[in-house]
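Going letter by letter, the first sequence gives residues 1 to 768 in the working numbering.
One thing to keep in mind: the hints can contain errors.
Claimed, not checked - Taking lysine-lysine pairs in the DSSO-like style, the calculated list, with each CA pair at most 27 Å apart, reads:
#, residue 1, residue 2
1, K538, K392
2, K755, K727
3, K6, K188
4, K311, K292
5, K426, K395
6, K136, K188
7, K133, K395
8, K136, K122
9, K491, K480
10, K322, K188
11, K727, K346
12, K62, K73
13, K392, K346
14, K431, K395
15, K414, K491
16, K133, K538
17, K220, K274
18, K136, K522
19, K414, K136
20, K280, K220
21, K311, K35
22, K322, K62
23, K311, K322
24, K218, K73
25, K35, K283
26, K62, K6
27, K280, K6
28, K73, K431
29, K35, K73
30, K456, K414
Please keep in mind that the hints were generated in silico from the structure rather than gathered at the bench.
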Amino acid sequence: MQDYLKGLNEPQLEAVTHINGPLMIVAGAGSGKTKVLTTRIAHLMAHGIDSFNILALTFTNKAAAEMKERVEKILGNTEARNLYIGTFHSVFARLLRAEAHRLGYPANFTIYDTDDSRSVIKTVVNELNLDDKHYKPNIVGSRISAAKNALMTPAEYALDHFIQQEDMRANRPAIAQIYAAYASRCFKNGAMDFDDLLLKMYEVLKHFPDALHKYQHKFKYIMIDEYQDTNPVQYQIAKLLAAVHENICVVGDDAQSIYSFRGATIENILQFQKDYDDVKVVKLEQNYRSSKNIIHVANEVIRNNKGQIPKNLWTDNAEGDKIRLVRTMTDNDEGRFVADTIQEQKLRNHYLNRDFAILYRTNAQSRSFEESLRRMGIPYRIYGGVSFYQRKEIKDFLAYLRVIINTKDEEALKRIINYPVRGIGKTTIEKCVIIANEQNIPMFDVLTRAAEFGFKAGTLEALQNFVTMIRYFQSLLTEKNAYDVAVQVGKHTNIVKELFNDKTTEGLARYENIQELLNSIKEWIESPANEDGEVGNKSLGAYLQQITLLTDADDDKENSDVVKLMTIHAAKGLEFGCVFVAGVEESLFPSGMAINTREELEEERRLFYVAVTRAKQRLWLTYANSRYRFGQLVQNEPSRFIDEMPEQYIDKSYAGGGARNSTGFDQRFGGFGAAPARKAPVSRQPSKPEYLPPAPPNKVVEHKPSIDFVASDVSALQAGQEVEHQKFGFGRIVAIEGSNHNPIATIQFQLNGEKKIMLNYAKLRIVE
DNA sequence: GCTCACGAAATTTTT
DNA sequence: TTTCGTGAGC
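Modelling step: build the complete structure from the supplied sequences, incorporating the hints.
Structure, rendered in structure tokens:
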């Protein structure tokens, strides 16, 4: 047996060694799904399948990167770089660069993120003389998105009886019209939104048999991760691509389907067996992640859902602690409880910051945790706020690059035409837009031909100067790389200088962000492969396309020792030693927006299932009697999901109803009936995604070495190992750097923070 | 064309 | 409570 097959359990082995024909892997939470996927890819290659013929699709860049890395590790060579591993969006964006011309798009089409897309909708709504208060971009946008994900064209949308009735009932009859206008505007701008990356890929395959043939024979082996989250477009694409060879392997867990609001249909996984003859089904039911108590609770709660794929998740792990249910008076008390408990657990059970995650239903809940953690000096990072690339100054700067690459990109053009100020005012811009619409030409062409349209001399000059500048940047493209062009943009437009001279705090931050952006472009240029593995294409166009598909979860500083705060959605696929699920209250979790139908409620329950199964050893569920929402105090009942958990796995001693004790809990957290403790008005710091407490002073918290302290041989020391230092105490290796002769370990000590230790001199005892 | 002040809306989840 | 957009005024 090959080495890489060792250590797989029986169903895992079965899945990995199935080579030809359709395969469905039902992978319970924590059942080694990624291991199976990556090992299977390695196995395919070991059996002579060319890496160029394998396609693996995921939902997040992170999952894709991890997969690629692990395959590379198993194989021990660079063959893995030829694999097509990436998110649906990034892989299709890459293919569309080569194919979009068939549909009339430029190869350098722009990718609109949600903000861009909403902004186009707003423009279009106004141009149609509709009220954008009533036709809110978000509402309209999600209708359009749903239509696209269901493969519905504007014409079909307008003719669909059910849809039209829905829109009439909501008093928004013009959405069909807006959809049509939006689609043609995006096309005119040479731009695709996120949904288009899927939809246009589908159209290419559907309408161009030679393209379909090409990719069917290129991707002889297809794997799809998180199949329960695929939507109809993704489903159809997969079906088309797999039609010839039928070597399609899907992996998923119907119990973790949590993206129906984004068009995902759980039916795809439930029906997979009917789509192909002779589907092999493998169930991975052994959980390697969590304690017995956690698994039991998760199983019991999810049982309340109907129509699942039958499965029995079990574990050999220890029974573990009971799940702790905690009730507090207010959301602030909830924050304080969590921060206190983290501190206590760190001391008592030797956890590091990074072993903790605080999970919540909505991003807005992060505030109370931020405040308490900061007050306790516990470093944390919030995932899923505004991504770096969505910040205004970054988007403004990128807009230049976008226009240089694609002058038809009107969204970008409007951002920069008068930034920095160059005397092209609102009136002029409006006039340009109107002319562009009348003549049906791109707005940039109005600028280049400004002389024809009777602008005043001063305005005309300003417009022409702008065009000249853009043309100059474009002329650099042939000989300069993306970074050099970006630097020129920063210089020539005066953006960098202007921000540099702005000495306010925000100005300083903006300046730093631009510098960071430039650095990241440079880094990208120098990296061997792009995110999705496209080697060699370092053009500015390629850079822009992949940048739009990045989220802030992707630039993960995996090694930093911080508590992680994120929504449950963002936590899918991750695991932590200790998990707090916060705000387990009716109307918050399950969300008040999602309790109107059985389907919605079941999705909330699956979300709860996902939350619970993130925990390895310890799990807390917290809820507050009252919390601030819209600045108003509201009272919530405990979540119905709490009632669905069997008592025997729950420790309710902090939940109010049970025996109360003398731990001081009541005083600290308000207990029953106490007036909601309004905290003294703390000067509110701007919410930053990351907080690192000031470096601890050089004062060392004394550590008494263990009685059996013997220095270990540290020559094979690796990141992740736990060690004891005679003076600094217990800690975990973060990284080993330095040369072979003089290795330096970065160690995160529990009591003394992060230190760099020279291994040639220090005496360390390896604990694990 | 920019700044300030006021009022209204916001909170479900995201590639 | 905070953020965002609008409109008046400079």
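How the hints compare with the structure:
For the given pair, K538 sits about 25 Å from K392 by alpha-carbon distance, which is consistent with the 27 Å threshold. At roughly 12 Å between alpha-carbon atoms, K755 and K727 fall within 27 Å of each other, so this suggested pair holds. At roughly 55 Å between alpha-carbon atoms, K6 and K188 are farther apart than 27 Å, so this suggested pair is violated. In summary, the hint linking K311 to K292 is supported, as the alpha carbons are separated by about 16 Å, within the 27 Å threshold.
A hinted pair counts as satisfied when its Cα atoms are at most 27 Å apart, and K426 with K395 qualifies at roughly 20 Å. Proximity of K136 to K188 is assessed by CA-CA distance (about 23 Å); at most 27 Å being required, the pair is judged to hold. With a C-alpha separation of about 25 Å, the suggested pairing of K133 with K395 holds against the 27 Å cut-off. This hinted pair checks out: K136 and K122 have alpha carbons roughly 8 Å apart, not beyond 27 Å.
Distance hint between K491 and K480 is fulfilled; the C-alpha atoms sit about 15 Å from each other, no more than 27 Å. Among the hinted pairs, K322 with K188 is inconsistent with the structure: their alpha-carbon atoms are about 59 Å apart, more than 27 Å. Annotation: proposed proximity of K727 to K346 holds, straight-line Cα distance about 19 Å (limit 27 Å). Note on K62 and K73: the hinted pairing holds, with a Cα-Cα distance of about 16 Å set against a maximum of 27 Å.
Distance restraint check for K392 and K346: the Cα-Cα separation of roughly 38 Å exceeds the 27 Å cut-off, and the hinted pair is therefore not satisfied. Distance check on the hinted pair: K431 and K395 sit about 24 Å apart at the alpha-carbon level, within 27 Å; holds. Pair hint K414 plus K491 holds up; C-alpha atoms about 20 Å apart against a cutoff of 27 Å. For the suggested pair K133 and K538, the alpha carbons sit about 42 Å apart, so the restraint of at most 27 Å is broken.
Note on K220 and K274: the hinted pairing holds, with a Cα-Cα distance of about 21 Å set against a maximum of 27 Å. Among the hinted pairs, K136 with K522 is inconsistent with the structure: their alpha-carbon atoms are about 39 Å apart, more than 27 Å. In summary, the hint linking K414 to K136 is supported, as the alpha carbons are separated by about 21 Å, within the 27 Å threshold. Between K280 and K220 the alpha-carbon distance is near 18 Å, which keeps this suggested pair within the 27 Å criterion.
This hinted pair checks out: K311 and K35 have alpha carbons roughly 20 Å apart, not beyond 27 Å. Between the alpha carbons of K322 and K62 the distance comes to roughly 32 Å, so the proposed pair goes past 27 Å and is violated. Pair hint K311 plus K322 holds up; C-alpha atoms about 24 Å apart against a cutoff of 27 Å. Proposed proximity of K218 and K73 is supported: the alpha carbons are some 24 Å apart, at most 27 Å.
The straight-line distance between the Cα atoms of K35 and K283 is roughly 14 Å, inside the 27 Å bound, and the hint therefore holds. Between K62 and K6, the direct Cα distance comes to roughly 26 Å. Compliance with the 27 Å bound is thereby established for this hinted pair. Among the hinted pairs, K280 with K6 is consistent with the structure: their alpha-carbon atoms are about 22 Å apart, no more than 27 Å. For the proposed pair K73 and K431, the alpha carbon gap of about 58 Å is over 27 Å, so the pair is violated.
Between K35 and K73, the direct Cα distance comes to roughly 12 Å. Compliance with the 27 Å bound is thereby established for this hinted pair. Only pairs whose Cα atoms come within 27 Å are accepted, and K456 paired with K414 is accepted, the gap being roughly 20 Å.
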